[in-house]
Each structure stands twice: as structure tokens, then as C-alpha cells.
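Q: Each chain, written out:
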Amino acid sequence: MKPPRLADRFLNWFCAPHLREEVLGDLHERYALRVVQSGEARARRRYWREVLAYVRPSIMKRQSGEFTNPTTPDMLRNYLTIAFRTLVKNKGYSFINIGGLAVGMAVAMLIGLWVYDELSFNTYHKNYSRIARIMQNQVEHGVIKTSQTLPYPFIHELKTNYKRHFKHIVTSTHTGDYILSTTDKKLTKKGQFIGAEAPEMFTLRMLKGTWAGLQDPQSILLSASTASALFGDAEPMGKLLKINTDKDVRVTGVYEDLPQNTELHNAQFLASWDYFVATNAYMRQKKWDNHALWIYVEIQPNTDFDKVTASIKDSELNVIRHLESMKEEAATTPQMWLNPMCNWHLYSDFTNGTVSDGPIQYVWLVGLIGFFVLLLACINFMNLSTARSEQRAREVGIRKAIGSRRIQLISQFFSESFLVVFLAFGLAILMVTTALPWFNDMAAKQMSIPWKNGYFWLFNVGFVLLTGLLAGSYPALYLTSFQPVKVLKGVGLARAQMGRFSSMPRQVLVVMQFTVSITLIICTLVVYRQVQFAKSRPVGYSRDGLLMVQMQSDDFYGKTDLLRTELKNTGAVTDVAESQSPITGVWSTNDGFRWKGLSTPSTDQFATLSVTPEYAQTVGWQFIAGRNFSKEFASDSSGFIINETAAKQMGFQKQSAGSAIGETIHWKSQWMTDNVEKSFIVLGVVKDMVMESPFQPIKPTVFCLFGNPNWINIRLNPAISTSDALPKIEAVFKKLIPSAPFEYKFADDEYAAKFRTEERIGKLASFFAILAIFISCLGLFGLASYMAEQRTKEIGVRKVLGASVFNLWRLLSKDFVVLVIIGFGIATPIAYYFLHNWLQKYQYRTEISWWIFAASGTGALLITLLTVSFQSIKAALMNPVRSLRSE
Amino acid sequence: MRRSDLGEFEEVVLLAVAALSPKAYSVVIAEELERETGNSVSTGAVHAALQRLEQKGYVSSFLGEATAERGGRRKRLFTVSALGGRILQDVRAVRNRLWERIDSHLLLDWQ
Numbered sequence: 001m002k003p004p005r006l007a008d009r010f011l012n013w014f015c016a017p018h019l020r021e022e023v024l025g026d027l028h029e030r031y032a033l034r035v036v037q038s039g040e041a042r043a044r045r046r047y048w049r050e051v052l053a054y055v056r057p058s059i060m061k062r063q064s065g066e067f068t069n070p071t072t073p074d075m076l077r078n079y080l081t082i083a084f085r086t087l088v089k090n091k092g093y094s095f096i097n098i099g100g101l102a103v104g105m106a107v108a109m110l111i112g113l114w115v116y117d118e119l120s121f122n123t124y125h126k127n128y129s130r131i132a133r134i135m136q137n138q139v140e141h142g143v144i145k146t147s148q149t150l151p152y153p154f155i156h157e158l159k160t161n162y163k164r165h166f167k168h169i170v171t172s173t174h175t176g177d178y179i180l181s182t183t184d185k186k187l188t189k190k191g192q193f194i195g196a197e198a199p200e201m202f203t204l205r206m207l208k209g210t211w212a213g214l215q216d217p218q219s220i221l222l223s224a225s226t227a228s229a230l231f232g233d234a235e236p237m238g239k240l241l242k243i244n245t246d247k248d249v250r251v252t253g254v255y256e257d258l259p260q261n262t263e264l265h266n267a268q269f270l271a272s273w274d275y276f277v278a279t280n281a282y283m284r285q286k287k288w289d290n291h292a293l294w295i296y297v298e299i300q301p302n303t304d305f306d307k308v309t310a311s312i313k314d315s316e317l318n319v320i321r322h323l324e325s326m327k328e329e330a331a332t333t334p335q336m337w338l339n340p341m342c343n344w345h346l347y348s349d350f351t352n353g354t355v356s357d358g359p360i361q362y363v364w365l366v367g368l369i370g371f372f373v374l375l376l377a378c379i380n381f382m383n384l385s386t387a388r389s390e391q392r393a394r395e396v397g398i399r400k401a402i403g404s405r406r407i408q409l410i411s412q413f414f415s416e417s418f419l420v421v422f423l424a425f426g427l428a429i430l431m432v433t434t435a436l437p438w439f440n441d442m443a444a445k446q447m448s449i450p451w452k453n454g455y456f457w458l459f460n461v462g463f464v465l466l467t468g469l470l471a472g473s474y475p476a477l478y479l480t481s482f483q484p485v486k487v488l489k490g491v492g493l494a495r496a497q498m499g500r501f502s503s504m505p506r507q508v509l510v511v512m513q514f515t516v517s518i519t520l521i522i523c524t525l526v527v528y529r530q531v532q533f534a535k536s537r538p539v540g541y542s543r544d545g546l547l548m549v550q551m552q553s554d555d556f557y558g559k560t561d562l563l564r565t566e567l568k569n570t571g572a573v574t575d576v577a578e579s580q581s582p583i584t585g586v587w588s589t590n591d592g593f594r595w596k597g598l599s600t601p602s603t604d605q606f607a608t609l610s611v612t613p614e615y616a617q618t619v620g621w622q623f624i625a626g627r628n629f630s631k632e633f634a635s636d637s638s639g640f641i642i643n644e645t646a647a648k649q650m651g652f653q654k655q656s657a658g659s660a661i662g663e664t665i666h667w668k669s670q671w672m673t674d675n676v677e678k679s680f681i682v683l684g685v686v687k688d689m690v691m692e693s694p695f696q697p698i699k700p701t702v703f704c705l706f707g708n709p710n711w712i713n714i715r716l717n718p719a720i721s722t723s724d725a726l727p728k729i730e731a732v733f734k735k736l737i738p739s740a741p742f743e744y745k746f747a748d749d750e751y752a753a754k755f756r757t758e759e760r761i762g763k764l765a766s767f768f769a770i771l772a773i774f775i776s777c778l779g780l781f782g783l784a785s786y787m788a789e790q791r792t793k794e795i796g797v798r799k800v801l802g803a804s805v806f807n808l809w810r811l812l813s814k815d816f817v818v819l820v821i822i823g824f825g826i827a828t829p830i831a832y833y834f835l836h837n838w839l840q841k842y843q844y845r846t847e848i849s850w851w852i853f854a855a856s857g858t859g860a861l862l863i864t865l866l867t868v869s870f871q872s873i874k875a876a877l878m879n880p881v882r883s884l885r886s887e
Numbered sequence: 001m002r003r004s005d006l007g008e009f010e011e012v013v014l015l016a017v018a019a020l021s022p023k024a025y026s027v028v029i030a031e032e033l034e035r036e037t038g039n040s041v042s043t044g045a046v047h048a049a050l051q052r053l054e055q056k057g058y059v060s061s062f063l064g065e066a067t068a069e070r071g072g073r074r075k076r077l078f079t080v081s082a083l084g085g086r087i088l089q090d091v092r093a094v095r096n097r098l099w100e101r102i103d104s105h106l107l108l109d110w111q
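Heads up: the sequence lines are chains Z and F, in that order. In this text, residue positions in the first sequence follow UniProt numbering: the first is 1, and each later residue adds one. In this text, residue positions in the second sequence follow UniProt numbering: the first is 1, and each later residue adds one.
In case anyone wonders, no lab produced these hints; they're calculated from the structure. Please note that a few of the clues may not be correct.
Stated by the list, open to error - From chain Z, some residues computed to sit far from chain F (all C-beta separations above 12 Å):
{"#": "1", "residue": "Lys2"}
{"#": "2", "residue": "Ala32"}
{"#": "3", "residue": "Thr160"}
{"#": "4", "residue": "Asp216"}
{"#": "5", "residue": "Val363"}
{"#": "6", "residue": "Lys678"}
{"#": "7", "residue": "Phe806"}
What the hints assert, rightly or not - Derived lysine to aspartate or glutamate pairs resembling EDC-like cross-links, with alpha carbons at most 20 Å apart:
{"#": "8", "chain 1": "Z", "residue 1": "Lys2", "chain 2": "F", "residue 2": "Glu69"}
{"#": "9", "chain 1": "Z", "residue 1": "Lys61", "chain 2": "F", "residue 2": "Glu54"}
{"#": "10", "chain 1": "Z", "residue 1": "Lys167", "chain 2": "Z", "residue 2": "Glu157"}
{"#": "11", "chain 1": "Z", "residue 1": "Lys841", "chain 2": "Z", "residue 2": "Glu692"}
{"#": "12", "chain 1": "Z", "residue 1": "Lys734", "chain 2": "Z", "residue 2": "Asp604"}
{"#": "13", "chain 1": "Z", "residue 1": "Lys745", "chain 2": "Z", "residue 2": "Glu21"}
{"#": "14", "chain 1": "Z", "residue 1": "Lys735", "chain 2": "Z", "residue 2": "Asp561"}
{"#": "15", "chain 1": "Z", "residue 1": "Lys287", "chain 2": "Z", "residue 2": "Asp674"}
{"#": "16", "chain 1": "F", "residue 1": "Lys23", "chain 2": "Z", "residue 2": "Glu21"}
Where is the CB? At the ideal position from N, CA and C, for every residue including glycine.
Extracted from the complex, chain F is given alone in its bound form (with noise of 0.2 Å):
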């Protein structure tokens, strides 16, 4: 299993699937996602970005219920896969590392 694999928008949209679970759209991921980092983000770049991921077998997908505002049009739940949890932790756990090797004056000075 590569690292390389999940890019870094995505690895952000699955972050953001497995925390909205299991209400988890494009519309709330890329309204969550604004929030979260005050950058502009669109439905079709999340809608891609899970495209892929459901591709690699991170997330599964199911049309959930239609509304009204959508114009009596369904939409598509993600919840995140097994794999797709692992591969979470995985990354997690990397940067987790990493993080830890840092030495404590130079982690000071950025504050």
C-alpha cells in the first residue's frame, strides 16, 4: 500500500467524511472544509476528490433521501471504508512521528 497514494485534499475530504459520518455529502464537506480553513472550496472539487477515493476503496457511497432545496433531487451519502480508516491512522501515525522528532526549542521559537 503506497503513501503517495492519497493526496492531500483527499486525505482532508476523507478526514472530513469520517468526522460528518454518517451524514457525510459534498455539499457539508465543502461547507465544513470553508469553515475549517477560510479558503473558498467547491462542491466539484470535493465531488472529485471522493470520486477518487471511492475509486481507491476509502469511502463507499449510497443515494440517500431527496429535499426540497435540492429540487426533490437525492443525494450521495460517504461513509468511510475499513481501508479507508486504516490508511487514516496510518498517515496519522507518520506525522505523529515526525512530530515527536521535533526538538522542543524549535517548536518553542515557532510559537
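Isolated chain Z, as found in the complex (with noise of 0.2 Å):
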């Protein structure tokens, strides 16, 4: 006899609540009539038309309350003390809820702030989205090799055929060490010997001078601290300097420091292209298969990257196809190609021929670790957020029963979550302003609030409005919706008819918490070890008190002798030796070796580096075999010392290390031996030596007595303190070759540089997993002292009834125990897989073992049980009596 059910519950989903009661009961008349007049069947049928006939505008308008324009603003002012009031009532958790907040902000806002930085990278010069380098493929020995040094030729060809395309080509010199000398200061200054374009081109804010600065050949473009350390705060245009020792110049502008985040940052100063070519005559002796200069390019307006270099592709090989001379050179296949500006710095590293893993990789790691940071700060707000609300169920109940609408209630609780927020945000900029200074120390950056920045704000604000509208949704929406009754008869009915829904997203959200967490530890751990078993990879050289100087000056050379013998008298010295590369690092390599068994030259490379027989004192040479060379014997000129790895490289190790000596090596290089075969003797092997990165293997590499050494290096008398030894090496240097500023460098200093890369991502690693830790702890303590809280009678009656409190401090644990190792099953997969891809970068790499799995397990799990048992334990502690009394 009744209407259908469903169709009443349509209409009273989409009646307005105030016309219910009319609507019901015409439709409940009507069915009423029919079916006596029709029967029940047409009834029913004709009942849901009828239903269906309310629906329309005027029957489903809500009701507008009484007082939706208010006319004073008390209740709003209160909905903000009682706010106050629940966060000064529960001052831990609002400490807690709000802490934590904030330093997931903060740290959310420095990475944030750091991705922004390397994604502006180069945009300081206005040309950014048309500027380019030349770049060039070549194909050696099957494999496609990107690089950035072009040929002298070149430059020719690409402003005679190709002119049309460019607005502005600029060519440069490497960027440098030079001498600068006034008549009475020397400095060492980065420069570059640039086109004359290039200040337009890089549209260099020139603080003194114009743009057309470079166009006379013999003048200099200082940045703002260089010539404010030349010359102090006298006027510097128009003043002369000398670069090294031969090159004259005028001042001829200055300008604004390039910012840290652009490529030519490094340039101090730049000088003439033009000037440069005419006083190195060698430059235009150059073919095109030496490589020797950049090319910077600013293209035409009306055309893109990619015609330009569709139409460059092939300029090179066009012309070396047809010279006999460059066979060679034209079988690499030199194709060109325009490398966009905003690639420059994360797109820059190529691996036959395409970019790979570059800088890009950690952009998005760092974004990804700062989003994960800000999650777990967000998860936890929320999380403590809804368990508070729970007891504020009581409270919606009796202003639901004085007259609250449930609107005014949501805003209510909208309000508070807000207001967190917003003291959080507030704390987060505090945190972030204190800590940047030593931020950008650790990243090697120079960043700052961009407080004028107009995204900066909107995304912060849009920020707080997420987090306040996900954080206060629960209580808002959900809490708002009982019924008074039932949540004033019991508060254990409310607490039963949500507790089973509400706490299971609350477990999710822990255990993602703990991923996270326990995936930064692993990963700290690892790339801890991976410093720390490069550290202790065996050197092959003694580091301490070895000092190197590079002679940067034609003055340098044919005073090596006098050097030694004077510096050497001063007593502050044992050795002086010079060599090819300072000890840090392999300046040449080469091929056309050709050893016992081969009957063609291999195309191994390998290091060349040309040495003093004292060199093998200076920097402690290992010898496992032979002998080092000696200035007695005149043959030991067209002797080879080899290390351990070209030894077995060669053959020779599978005997003896000693089965290498006296043995023949052929040499045919274009640049050492000047294109003839020459044979060479192994007069010794000695133990490898780390030179470059430690984390990849040793180069085979083959010492000499000939070519040019181009650094001296220092053994200083351990006997003499390294303070007092230097200003006796200075005056030494300064007597023989005053023309050069004294500058040395510490091998062991060059040496810890090479570890700077992953000890910094080491840093920013521990670093994000100790506050990934701390914040998931914080969240944890809010919900275990929740958890208790509402146990507190359960804990009373258990107690009464005999239980321990070990059983109780087992019983309150336990939950969370289960949530941590779930978390822990669910990070071990994912940073295995992460951090085995990591170590693959490394040819010298340490194993992810297992016990560092359990290591960072068993951690998370004692400091969540440290956490929770402070409080399950006061719970447990607890005299029952009086948790059984209060109600």
C-alpha cells in the first residue's frame, strides 16, 4: 500500500527541507486516491511522474536563513576566540600541529626556491630564448661525441655562407685563469677573450661604458668586483692594464656582476676576441681538426632553432670532404648543431649524441623530496586535525541544539583550520629567512625571497588555501552532520559511529608517512657509504702538504731550475717537480700506442702527462716495479713509467708487475711525437694514482720526460708548519717572477672537492630525512596521545581487571608497531630501486647490503616505539580510579 521508498528518498534528497513536509503529504494523499480509483500498479507508475513533476527550481531552493547578512560581526569575532581558545586549551597539540606545519612549509619553500632557481637558469640576459652554442657531433670509433670546441676554420665559413640566419655570432675563448696587472696590483681573474658582439648579445647591464666597449682591440669589460678590487673605488674607465704578461688594455666598461644562476658567471672580465687571434698567431694556423674555440649565436627573430640547425647540419663536412688533408677528420662525420640557451645548464651532459641524465635528474628528485616533505607536514596536520575534532563532538552537538545551522558551523570549523594555516605559513616565512644564508651554503647558491614576485605570493596563497580547505574539511563537513540527539544521549555512540570509518584513512596516511621516512633513511645511509668508500679508496699518492702552481705565464718557463734550487734553500721545501696537470686531475689523453703483440697502433686513450725525475719524490710516487726516472741516464728520455692499470691494460700484469720493464712501446701521436713512430722503454710501473674523479676507474696512463710540464708542484718540509712555509715559497716566487701573482693551490683542498658533489647530496639527504622523521614523529605523538586519551576507560577497566602495565604499554603500542613495519615492507622495494640506479652512475661504487635495510628498519621502529610509549605508558600508569570516576 505505500509509495515507492525510493522515489521518496529522491524527493527528499532534492526538496528544500521546509517543503518537505507539505509535498510528502499531497503526493501520500494522492497515491492514496489513485489507488482505490486504478489500482496499486498505476498507482506506483503514476507516483514517480508525479515525484518527478516537483522537480524543478522553486521546489529545490533552499531556504535562506534568517541572518545571512549579519549586522555585527560578534559571532565571526567569536568563532576566533574559541579558535584561540582550543589552540592555548591544548597547547601541545597546537605545538605540534602547527611546528609541524610549518617546517614542512619552510622546507617546502626552500626547495621550492631552489628548483626555481635552476629552472631560471641564464634568463638574466634578455635574449635568452634566442641565444644558442654551437655545438658538434663526431663519430669516433662508433660512438657519437658532443662537444662544445669547434675548429678556427669554422668561424669563417659560418660568417660567409651562413651569415643570414644569425643576428649576432659571437666566438669566445674557454673561460680562464689570467693575469691582470695594474702598475702596482696583480690579481688571478676568470676572463674570457669574447667577440665584440657578445656584451649586446649577452645584453650586459654595463654600469660604466657602453655596449660597443670591445669593438677596439685592445680593451677590457671588467665586471663590478673586479674592478672594484683593481682598482677600489678610484674611477676605472679608461685606465691600462695588462693581461698576463703581453697583452695591453684599456678599460674600456664595467659591468653588473652576472648572477650565480647564469652560464658566464664566471666570466670577471672580457676581453677582445680580435685582440686575442692577433697576439696568439697559433690560433690561425689551426685546421679544422683542431678544435680550440666556442661559438655563441643569437638567432635571427624569424626563424627557430631547428632550421637554423638543419641548414648548419653539414657546414663543416661540405667543406673538409673535399680536402685531402682532413680524410681523416671528414670520416667523423662533424655535424653542427644549436644548443638552445635554456638547455644549457640541465640539459648539458651527451651520451652518444643524446642528453642524458643531467642536472634535470636531481631538479626533479629535490622537487620530489620537498613535495614528500610538505605531503607528510599536510598528512599530519590533517591527521591530528580530525583526531581532535572527534572530541568536539559534544560541542557541535549543544550549538546545534541552541540554533547553529550546520552552514555556520562549517565555517566555524573552516575558520580554525585557517587560522592554523596562516600562524604556520607565518612561521614557515620566519624559518625561512633565518635558515636561506646557510641553505645557499650548503646548495652553492645565492638565492633570496623573491619577495616582489607576484607567483611567489600566489602560489603560497593558494598553498594555505588547500591545506586549510583539505585540513578543515573533515570536522567541517563530516562532524557537522549528526544529529544532536545522538551525539548529546552518548558521547561513546558518536565515538562508535565513526571510529570504525575515521581511522582507517588515518592508518593509510601513517603508513605513507613512514615510507617516506624510512626511504630517506636508506638513502642517507647509502650515499653515506658511497662518500665514505671513496674516501678510502687507496690514492696512490701522499695529499699532505703538497702544493701545486700552475704556470700561468711565458715568465715560468726556463726558471724551473732556478726554482727548485731556491726554494729548495729556503728549507721550508723537500722536493719541487713539474708536471703536465696538477695532481688532481688528467689535462691530456691520447692514442697511437702500440705495444708487444700488436701490429697496429690501438685507439685506447690514454693519459700522457710529461714529468721532472723529481716528481716521483714531490708527490710520493709507489713504485711496484723498475725504477723512477733519473737525470744520469740521457736514454731515460725515451723512457715510459707506467702505472698499474696501462700495465695490465698492455698485457704485462699477467705475469709479474715487473714483466713490464725493459719492455718496448711504440708511439705515434700527431701532437707528442709529431706523427712518427718512436719507441719507448718501460722503465717502470708505479701504483695507480686517483687523479680524476674517485668514483670512476683510473685512466691507464704512460709518464714521459718530454713536452711542456705546466705546474710545479711543492712538497713542503713537514718539519715547518704550512704558516710559516708559505710566506717563504711567496717571497721565493716573487723574487724570480714578479710579473705573476703568487697562487697556489693544496692537493688535499682538490682533492675533497671532487667529493663535493655527493657529499652535498649527502647533506640535503640527511638533512630531509632527519625533518621527514621528525615530522612523522611529531604526528605519530599527537596520535598516540589521542589514542590514549580515548582508551583512558578502557585502560581503567583493563587495570581493574588485572592487567600489567607492560600488557597495556604492549596493547597501546602494538597498532602502531604493525603501521611502521607495513611502511617499512612498502620503502625497502622502492629505494632499492631508486638508489641501485643512483650507483650505477659510479663505475667505483659501494653494495646497498642488507643491514642497511634492517639498519634504517630497526631504527624507524625504535624511535616510533619511543614516541608512542611516552605516552602509552603515562596511559598505562594511570590511577583507574580516576579515568573510571571522571565523566
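Each chain sits in its own coordinate frame; assemble them with the hints.
A: Written out as C-alpha cells, the structure reads:
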């Protein structure tokens, strides 16, 4: 006899509450009439049509409240008052909530700044979108090699035949160290010799002079800091300078220092390319197969990089294809292409012609970590707010009973959560401001908070709104939906009503938090282990007290013997030797070696370093077999000393280390032996020296006596302190080579610098891991105390019935331990996957052993137990009389 | 006072309220109209029309007694207001005047 239930429910859903009574009454009355008139089946069918006829705006529109536009803000102010009171009443929760969220926000902001800085690289230049540098791909031994250095004749080719594509073509030398000297000052500064159009193309901000400053060959533009270093407050314009010892130039402009996030920020001065060519006659003689310069271009506005690349692709090949002397070079099929400025920083590594994982990966990785830390903080915030809000169910009931409308309660809860988020935001800004210098230091950046950037604020406001909405939505929407009768009749009922549904998402959130934390712990441990592993690698020479001085100008040459004796006479130095690279780098590699059993020269690349016989003593070579070069034997000039890897590669190591001694090696090199095959005798084999990256395998190395050493290595006398020794050494250099400033590097500093990237990653990872754990623990602490509080009665009853403190502790801690173990289970494969990939980058790498996982898991578990135990033991120790009496 | 305020259906509903007074409410109005016109009329349509008429001030309403077949729910009873009555008379006067002007032969043709 009853009308269709579903239709009624549908009506109840869309019909405005104040109309429900009359509408439903009408429908039911008519239904009863119809049943009598035409039977139940037809009446039911008609009923549906009748209900649908009510679907119209006038029926659906809800009655508006009596006080939609409050005339006095008293009640609104009361929301804030209540919010503040709740915060103050639960000081602990408020602290955890606001503090945790603020830390998360601060970290996210720092990371955001870092990512922004990375992405905005080079945007300082106004023509950013149209500048590129010309790159060259060549196929060598079946592998595509990408290089930025181009052959000299290419300039002419580009400027005559392809000029129409480009607005500017700017040639440049590498950024290198040069001595700038005035009459009374000498400084080493990095700089480039660059085409006259460079200032205009790179839109340098000229503080003095104009963009045309490089038109005159004998001119120089200084960065503001270089100018003040050289001239102090005096007027730099028009002053005369010497670059190294041979180039006289006049200062024609001063430009604002380029910011740290530009490619050219290293260049502290710019001098004229034409003058460089004029004073370095050898440049003009360089052929197509000698790559020695860089070319920057700005393309015409009406074209794009792809089009220009397509047209200049074969520009070199088309010329050298017809040159008899360039057959070998043409065989590498040189391909030219444009690398746009926006890719210089983040997509700068190439393997086999394609972009390999470069800095962009770090941007993604760090961004992801930042996101997760923020997520952790938000999860916490939501968890705690929802946990707390259940206690306020009674408040909701009373408010409703005395006439509060639901919409008012919703706005009350939202205003509370927004208040907390705003407080946290303020705190986060404060934290970022104080931590930024330290963070800059760690990340090697010069970032500042972009106070004036609209997007920064837009982003922040967006974030505050989002977090406030998410965190406030549960109490605002769910709690306010209860019927006051049910809530007020018994808190237990309300709790039972929501308990089953509300604890599940919270558990998921805790698992997520611990997954992130444990992953980060594992990452930190592995990065740290990898750095330690490489640091403990045997280096093959002694780094302590080893000083390296680059021979920066021609004045050094011919004076080395004099230097040696004078330095030794000071007593501060035990040995002095020259070499072709600093000990912490390999600057020259060659092929063309032919050893026993080979009929044609090998294509393997060997590091080739020319040294003086004193090198062995100075750096502390460890001989495995044979002897050092000796000045006694003139024939040693055609002798080699090779390292262990080279001996192995040449197949000598198979019998014994000594078997290489006395063997003949033939070498034909275009650069080192004038393209004539010469023979050399192996005099000795030394232990491998880690000269390049400590994470990569050692290059096979050949040491010889001929060539052009350009570094002086000085071994300090260990009996004399460094601070005493340095002035003595400096005095000798000042006396013998007055034209150059005395600048030196310590081998151990340089070696330590090789770990900087990895150490930075390690530091960042541990920083984030600590924060993640901190935030997770805060959340856990809050949740544990909430749980303990909620189960006060249960604990009381259990105690009365004879449960021990240990029993209760186990009862309360168990839930959390399970969650952490699940988190660990998820974190392990994720961390393994990422770290395994990361380690593949290093040839010389540590293993990911099981104990790292075990240690992180145990660590996380211990931290959890500590956090939870504080609350659970407190709850377990409570006097049951108290907890049961209170109501 | 614009005449266009009153739609055709509204006019009929208003007339029905007047005819059924003082016991006019959605269900009886809908039933009455169905009987008179032979078309099916839903209470939803009548309800909406009554809402509009009340907004315009042509009817006034109050909640009446509850009955069993309504599930204990009260009904909303409607009476025509003075303004509503005048409007009805206006409408009728306009129609009457027009009727009177129709040629009697034509009227005969229609029958």
C-alpha cells in the first residue's frame, strides 16, 4: 500500500527541507486516492511521474537563513575567540600541529626556491630565448661524441655562408685564469676573450661605458667586482691593464656582476677576441681538426633553432669533404647543431649524441622530496585535526541544539583550520628567512626570497587555501552532519558511529609517512656509505703538504731549475717537480700506442703526462717494479713510467708486475711525437693514482720526460708549519717571477673538492630525512596521545581487572608498530630501486647490503616505540580510580 | 498592474482556489482540474503555480490539519486574497467584453 520508497528518498534529497512536509503529504494523499481509483500498480507508476514533476527550482531552492548578512561581527569574532581558546587549551597539540606544518612548509619553500633558481638559469639575458651555442657531434670509434669546442676555420665558413640566419655570431675562448695587472696590483681572474658583439647579445647591464666597449681590440670590460678589486673606489674607465704579461688593454666598460645562476657568471672580465687572435698567432694556423674555440650565436627573430640547425648541420662536412688533408676528420662526419640557452644548464651532458641524465634529474628528485616532506606535514596536520575534532562532537551537538545552522558550524571549523595554517605559514616564512643563508651555503647558491614576485605569493596563498580546506574539511563537513540528539545522548555512540570509518584513512596516512621517512633514511645511509667508500680508496700518492702552482705565463719557463734550488734553500720545501697537469686532474689523453703483440697502434686512450724526474719524490710515487726516471741516464728521455692499469691493459700484468720493465712501447701521436712512430722503454710501474674522479676507474697512464709541463708541484717540509713555509715560498716566487701573482692550490683541498657533489647530496638527503622523521614523529606523538586519551576508560577497566603496565603498553604500541612495519615493507623496494639506479652512475661503488635496510627498519621502529611509549606508559600508569570516576 | 502577470494555468488554478474555498489545497485542486479538463494534472505543477500566485500576492496560505492518508503530515490550504479576487474579475471583464463583440452569426457557425 505504501508509495515507492526510492521515489520518496529521491524527493527528500532534492526537495528543500521546509517544503518536505506539505509536498510529501500531498503526494501520499493523492497516491491513496489513485490506489482506490485505478489500482496499486498504476498508482505506483503515476507516483514516479508526480515526484518528477516536483523537480523544479522553486521546490529545490533551500530557504535562506534569517541572518544571512550579519549586522554585527560578534559571532564571527566568537569563531576566532573559540579557535584561539582551543589552541591555547591544547598547547601540546597546537605546538605539534603548527610547528610540524611550519617546518614542512619551510622546507617546501626552500626547495621551491632552489628549483626555481635551477629552472631560471640564464634568464638574466634578455635574448635568452634566441641565444644558442654551436655544438659539434662527431662519430669516433662508433660512438657519437658531443663537443662545444669548434675548429678555427669554421668561423670563416659560418660568417660567409650562413650569416643570414644569425643576428650575432660571437666567438670566444674557454673561460680561463688570467693575470690582470695594474702598475701596483696583480690579480688572477677568470675571463674570456670574446667577440665584440657579446655585450649586446648577452645584454650585459653596463654600469660604466657601453656595449660597444669591445670594438677596439685593445680593450677590456670588467665586472663590477673585478673593477673594485683592481681599482678600489678610483675611476676604472680608461685605465691601462696588462693581461698576463703580453697583452696591454684599456678598460672601456664595467658591467654589473652576472648573477650566480647564469652560465657566464664565472667570467670576471671580457676582452677582445680579435686581440687574442692577433697575439696568438698559432690560432690562425689551426686547421679543421683542431678544436679550440666556442661560438655563441643569436638567431634571427624570424627563424627557430631547428630550422637553423637543419641548415648548418653539414656546414663543416661540406668543406672538409673536399680537402685531401682532412680525410680522417671527414670520416667522423662532423655535424653542427644549436644548443639553445634554455638547455645549457639542465641538459648539458650528452652520451652518444643524446641528452643523458644530468642536473635535471636532481631538480626532479629534490622537487619530489620537497613535495613529500610537505605531504608528510599536511598528513600530520589532517590527522591531528581530525583526531582532535572527534572530541568536539559534543560542542557541535550543543551548538546545534541551541540553534546553530550547519553552514555556520562549517564556517566555524574552516576558520579554525585556516587560522592554524596562517600561523604556520607565518612561522614558515620566518624559518626560511633565517635558514636561507645556511641553505645557500650548503647548496652553493645565492638565492633570496622573491618578496616582490607575484607568483611566489600566488603560490603561497594557493597552498594555504588548499591545506586549510583539506585539513578543515573532515571536521567541517563530517562532524557537523550529526544529529544533535545522538551526539548528546552519549559520546560513546558518536564515537562508535565514526570510529570504524575514520581510523582507516588515518592508518593509511601513517603508513605513507613512514614509507617516506624510511626511504629517506635508507637513501641517506647509502649516499654516506658511497662517499666513505670512495674516500677510503687508496690514492697512490701523498696529498698532505703538497702544493701546486700553475705556470700561468711564459715568465715561468726556463726558470724552473732556479726556482727549485731557491725553494729548497729556504728549507721549507723538500722537493719540487714539474708536471703537465695538477695531481688532481688529467689534462691530456692520447692514443696511438703499440705494444708487444700488436701490429697496429691501439685506439685506447691513455693519459699522457710529462713530468720531471723529481716528480716521484714530490708526490710520493709508490713503485711496484722498476725505477724512477733519472737525470744520470740521457736515454731516460725515451723512457716511460706506466701505472698499474696501463700495465694491465698492455697485458704485462699477467705474469708479474715486473714483467713490463724493459719492454718497448711504440708511440705515434700527432701532437706529442710529430706523427712519427717512436719507441720507448718501460722503466717502471707505479701504483694507480686517483687523479680524476674517485668514483671512476683509473685511466691507464703513461708518464714521460718530454713535453710541456705547466704545473709546479712543491712538497713542503713536514718539520715546518704551513703558515711559516708559505711566506718563504712566496718570497722566492716574487723574486724570480715578479710578473705573476703567487697563487697556489693544496692537493688535499682539490682532492676533497671531488666529493663535493656527493657530499652535498648526502647532506641534503640527511637533512630531509631528519626533517621527515621529525615531522612523522610529531604526528605519531599526537596520534598516540589522542589514542591513549580516547581509551582512558578501557585502560582503567583493564587495570581493575588485573592488566599489568607491560600488557597495556603492548596493547597501545602494537597498532603503531604494525603500521611502521607495513611502511618499511613498502619503502624497501622503492629505496632499493632508486639507489640501485643511482649507484650505476659510479664505476667505483659500494654495495647496497641488507644491513642498511635492517638498520633503517630497526631505527624507525625504535623511534616509533620511543615516541609512542611516552604516551602509552603514561596512560598505563594512570590510576584507574581517576579515569573511571571522571565523567 | 500588468495583465500578463497571470499565466493561463495560473488563472485556472486561481479560479479553482476560489471555487474550492475554503478547502483548497494542491491535491483537491489537481483532482478538480483533472476532472474539469480531462487532462492529467500533477500536484507538482499545481504546487509551483500556487507558489507563484502566493509570491504575487493573489493567494494567501496557512497550514491546515493532518490526516492519516498524508502520513500525519499537514496540508497547506490556500484562499484567494482581495487582490487575487480583483484580478480574476478584471480578467473576466476583459473576456466578457471581447465575447460580446463577436458577431452572433459567427457564434452560430461555431455551434
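Q: Against which earlier hints does the structure fall short, listed by number upward?
A: 1, 2, 12, 13
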